[in-house]
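Going by this note's numbering, the sequence shown opens with residue 48, and the numbers climb by one from there.
Hints listed in this document are in silico derivations from the structure and should not be mistaken for laboratory results. The beta carbon of each residue, even a glycine, is placed where N, CA and C say it ideally should be.
Below, a list of computed lysine to any residue pairs in the SDA-like style, where the Cα atoms sit at most 20 Å apart:
#1 K357 x P319
#2 K357 x T337
#3 K357 x D247
#4 K306 x I243
#5 K306 x L129
#6 K357 x V347
#7 K357 x I243
#8 K357 x R408
#9 K306 x L293
#10 K357 x R317
#11 K306 x D247
#12 K357 x W336
#13 K357 x D308
#14 K306 x L295
#15 K306 x L296
#16 K357 x A327
#17 K357 x F325
#18 K306 x E263
#19 K357 x L246
Listed next, with one range per pair, are the computed distances between beta-carbon atoms:
#20 D247 x G226: 37 to 47 Å
#21 G226 x R379: 47 to 57 Å
#22 T337 x S386: 21 to 31 Å
#23 E292 x R322: 26 to 36 Å
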Amino acid sequence: MDFDSQTFPGAQTGARAQNRKKELRGRVVRENPNENTRLEKTADQSAECRESGAWHRSSSEEITSNRVRSAALMDGDNEADLLDDLLAQVDLRARITFRGKVCERWAIGGSRQGRLGFHAVLSGRCWLRVPDVTAPVEMTAGALLIYRPDTEHLLADTGLARRASSPARTLPISSEFAGANVGLLCGYFEGGVANIPILDALPAYLMWPDFSVYPEPLGRLIGALTSCALDEARCRAHVLQRFCELMLLMILREPSILKVDDIGVLRAQRDPVLRRAFNAIHARPGRHWTLASLASSAGVSRSAFAVRFKQLTEISAMHYLRRYRIALAERRIREESISVEQAARAIGYGSARAFRRAARRR
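From just these sequences and the hints, can you work out the full model?
What follows is the structure, given as structure tokens:
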């Protein structure tokens, strides 16, 4: 597990534990599906807080002020089907970097460059700092943080910590230790270019501070994951990795966390004009497509097509085409065990070298 020595920017100290949660009331929605209770939220934060039980933040660069919302919708569109189709293409591979107990003084800081990371609290109590919450948040058994690449955070044994530091001692999760300790499961998700639209739509972080705030059935899944992570003898790393992949899929499928309108390529596929171009690309990905031929398939002018596509997806049509081809090739290589050369030629690239060059651009 990485222990970054970077100082957490903007960290505050001196807040008393009994006042910490009061400071969060205006920023957070906490929903208990069993007791049907909810903390108050202020009107100016309501746009940030989705009713999922999770605390979340969207960085300003993720949301553009001129985002165009579904310019023209077709009656009867099934949003669930659109999202399911995209999730079916997602290439999720969880990797566990640490499972064990961190003892006495410790703090994990920084971010995992380029990957979606996570920390799950298996036992004990610790404190989390995230960029938009002044006071540290108490995290107890069952707590979960999922953070996007480059999202700074500090998870520590005390709310007073300001700097990441290596633990005084780490032990296997099954070990007994008389002193202060916290059981943690940490890791990240890696995958191919098919994950990019999903990652782009996620907020900077998702956080559940304890078992009580999960929506169902996610709460039961987190409970099972926690039990398995504590059972070191029967649940090895490969079992936990599959559990974590299922966990993330369940979170992505939670409608209060991820909506079709949050994902640019799905917004565009609901547009009756752009849908024709998407259908053409998906039917013949290996064709020598140009912006003009894509506009022709949509039945509009080249300039109108380019503007409409960029407004709804926030990327260019040719950028989408490159991403789609690369995702398709990665999937075929993974599932059909074909060579890179074969996959490259099947999607319109003249050679494996040309494909690798395009994949680096993503």
